[in-house]
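*Asks:* Chains as they are written, first to last, in our numbering: chain P, 281 to 510; chain U, 80 to 338.
Keep in mind the hints are simulated off the structure, nothing from the lab. Cβ coordinates follow ideal geometry from the N, Cα and C atoms, glycine included. Hints are supplied without guarantee of correctness; some may be wrong.
[Stated by the list, open to error] Mimicking BS3-like on lysine-lysine, the simulated pairs with C-alpha atoms at most 27 Å apart in a straight line are:
1. P:K375 x U:K153
2. U:K155 x P:K333
3. U:K176 x P:K333
4. U:K158 x P:K317
5. U:K176 x U:K153
[What the hints assert, rightly or not] Partner residues aside, some chain U positions facing chain P, computed with beta carbon under 10 Å:
6. E103
7. G104
8. F107
9. R112
10. K155
11. K194
12. E198
13. K221
14. L234
15. M269
16. F271
17. N272
18. K320
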Amino acid sequence: MVSLFAILALESCQSDKKSSAQITEVYQCPMQCEGDKTYHEFGSCPICKMDLKAVDNTLKKTINEGISDASIFNLTSQWHTEENQVIHLEDLKGKTLVMVMIYTSCKAACPRLVADMRNIEAQIPDNKIKDIQFVMVSIDPETDTPERLKAFAVENIMDDEQWTFLQGTESSVREFANVLSVKYKEISPIDFSHSNIISVFNAQGELMHQQEGLGVDNKETIQTILQVTP
Amino acid sequence: MKTQAFRLLLVLLVFQSVVFAQSEGMVFIEGSRYIPLYGRDSTVVEVKDFEMDIYPVTNSEYMDFVTKYPKWQKSKALKLFTDKSYLANWKNDLEFKDSEHPNSPVTYVSWFAAKDYCECQGKRLPTVDEWEYVAMADQTTKDARVKPSYNEQILAWYEAPRSNENSIGQNPKNVWGVHDLHGLVWEWTMDFNSVLITGESRKDVDKDSNLFCGSAAVNATDLMNYAAFMRYAIRGSLKAKYSMKNLGFRCVKDTNKIN
Chain P
281 MVSLFAILAL ESCQSDKKSS AQITEVYQCP MQCEGDKTYH EFGSCPICKM DLKAVDNTLK
341 KTINEGISDA SIFNLTSQWH TEENQVIHLE DLKGKTLVMV MIYTSCKAAC PRLVADMRNI
401 EAQIPDNKIK DIQFVMVSID PETDTPERLK AFAVENIMDD EQWTFLQGTE SSVREFANVL
461 SVKYKEISPI DFSHSNIISV FNAQGELMHQ QEGLGVDNKE TIQTILQVTP
Chain U
80 MKTQAFRLLL VLLVFQSVVF AQSEGMVFIE GSRYIPLYGR DSTVVEVKDF EMDIYPVTNS
140 EYMDFVTKYP KWQKSKALKL FTDKSYLANW KNDLEFKDSE HPNSPVTYVS WFAAKDYCEC
200 QGKRLPTVDE WEYVAMADQT TKDARVKPSY NEQILAWYEA PRSNENSIGQ NPKNVWGVHD
260 LHGLVWEWTM DFNSVLITGE SRKDVDKDSN LFCGSAAVNA TDLMNYAAFM RYAIRGSLKA
320 KYSMKNLGFR CVKDTNKIN
């Protein structure tokens with residue numbers, strides 16, 4: 281246990297090399313004729329001939345290969361999916377992420393949170409679904425093994441591609457919760473109290489919207505999802 | 080036979096605490112069970128043996144850290160992990176302001192920074208239960224919470240201004256040999272976010288409503304422990320990227336038990 285911890289610690293300490301990539305000015309056509317295409321020099325758009333504009337530096341500050349420094353992809357922890365694959369959060373890059381923290385043995389709030397997630401998913405037009413990932417992160421990594429998460433997914437008819445369930449470690453879950461400002465506490469071995477927050481991240485992993493509470497109006501959340509999903 | 084075995088066990092136990100209390104700058108804390116102000120169901124929690132830093136991390140120690148790990152320097156720290164006031168009392172990446180003392184506890188650090196600092200030393204942040212367990216001791220007793228003098232001292236500190244500018248080690252060590260748990264700065268804990276009393280939690284979590292307002296003090300497990308109540312309230316109001324003038328940290332380590 282201790283040695284595992286030491287290895288993890290070592291890993292996180294070596295990751296500081298990543299941030300050394302230089303920051304350069306980025307230009308883009310104001311009409312976005314070529315979508316997200318950017319240029320490293322000032323000039324005009326080859327399609328509409330308009331002058332390129334510098335992209336807002338605070339958002340596109342390119343550290344760590346195109347990830348802004350407010351992105352959750354800066355978290356380097358490893359996770360297990362319900363299909364028992366090992367992934368980093370960065371592997372989810374490129375899709376809009378709708379994330380929530382739950383645990384499968386939960387009887388009170390989680391079924392309603394899960395219902396909220398399903399409700400949101402149901403209101404997304406079919407052509408956008410492939411660009412959105414609905415992610416359920418377990419706050420009880422000890423109980424919620426990949427097998428258990430898979431069973432939960434099947435049982436709740438959330439086993440399609442757009443649903444992902446993640447099992448972390450106690451420390452990585454704590455860290456992830458802190459990024460989401462989610463609070464939780466183990467009350468007994470099978471029971472937790474926790475905040476009910478659904479978070480929306482854009483394809484670069486930047487937090488765009490948080491919905492707090494149970495059974496609240498999903499309108500703003502869905503609006504945000506549709507806005508950030510091209 | 081039974082007594083012999085018991086003696087052997089006793090010797091081993093004593094021996095163990097001697098052997099494993101040797102990490103530099105740390106002391107051995109023998110685990111036990113106790114009732115914290117707010118633990119799991121406000122009942123008994125168990126704390127395992129561990130080692131704790133004698134002092135909070137200082138400005139100069141943190142300087143060594145950011146020199147070695149530039150990603151935590153003032154200008155380079157990621158927005159995901161820090162807010163605007165991160166190292167607000169530093170002039171630049173590698174110098175603190177002239178008003179700061181190298182031997183004062185480092186403050187204006189986020190939870191993420193504190194966590195990484197500890198992990199880079201092969202340590203970790205203490206849990207709330209561990210921190211409170213060691214902090215309930217005074218100079219002579221492991222659980223001094225019933226003594227009026229214990230609470231008076233802590234509350235006197237809460238009233239004293241700018242104690243964060245003092246140097247470490249000026250407060251007497253407690254019975255474990257740990258300095259400055261009270262009297263200098265508040266400290267980050269690993270699971271500070273397990274206290275469910277943020278503003279929004281009133282509506283969205285099964286909250287610890289006992290921690291709110293006047294009724295809180297009445298329902299707390301220990302009426303005397305108003306000071307601890309304040310600590311839990313502070314923890315509940317924090318977010319992990321926040322930095323505060325009077326919030327520092329120290330690290331702990333699991334003991335390498337050989338069984």
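*Asks:* Would the pair K176 (chain U) and K333 (chain P) pass a check requiring their Cα atoms to be no farther apart than 27 Å?
*Replies:* violated (39 Å)
*Asks:* Holds or violated: is the Cβ of K155 (chain U) closer than 10 Å to a Cβ in chain P?
*Replies:* holds (6 Å)
*Asks:* Holds or violated: R112 (chain U) as interface residue toward chain P, Cβ cutoff 10 Å?
*Replies:* Not OK, violated: R112 (chain U) not within 10 Å of chain P, min 16 Å.
*Asks:* Any CB of chain P closer than 10 Å to the CB of G104 (chain U)?
*Replies:* For G104 (chain U), the interface hint is violated, since the closest Cβ of chain P sits about 17 Å away, which is over 10 Å.
*Asks:* Are M269 (chain U) and chain P close enough, Cβ to Cβ, to be under 10 Å, as the hint says?
*Replies:* holds (7 Å)
*Asks:* Does N272 (chain U) pass the interface hint, meaning its C-beta sits closer than 10 Å to a C-beta of chain P?
*Replies:* The hint holds - N272 (chain U) has a Cβ within 10 Å of chain P, the shortest such distance being about 5 Å.
*Asks:* Given K221 (chain U) was flagged as interface, is its beta-carbon under 10 Å from a beta-carbon of chain P?
*Replies:* At 25 Å from the nearest chain P Cβ, K221 (chain U) fails the 10 Å test, so the hint is violated.
*Asks:* Would you check whether K320 (chain U) satisfies its interface hint, that is, whether its CB is within less than 10 Å of any CB in chain P?
*Replies:* holds (8 Å)
*Asks:* Is the interface hint satisfied for F107 (chain U)? The criterion is a beta-carbon contact with chain P at less than 10 Å.
*Replies:* violated (15 Å)
*Asks:* Keeping to a limit of 27 Å between CA atoms, is the pair of K176 (chain U) and K153 (chain U) held or broken?
*Replies:* holds (13 Å)
*Asks:* Double-check E103 (chain U) for me: the hint is only fine if its C-beta lies closer than 10 Å to a C-beta in chain P.
*Replies:* Cβ of E103 (chain U) sits 17 Å from chain P, so the hint is violated.
*Asks:* Let me know if the C-beta of K194 (chain U) comes in closer than 10 Å to any C-beta of chain P, holds or violated.
*Replies:* Holds. Min distance 7 Å.
Going through the hint list in order, the structure does not satisfy hints 1, 3, 6, 7, 8, 9, 13 and 14.
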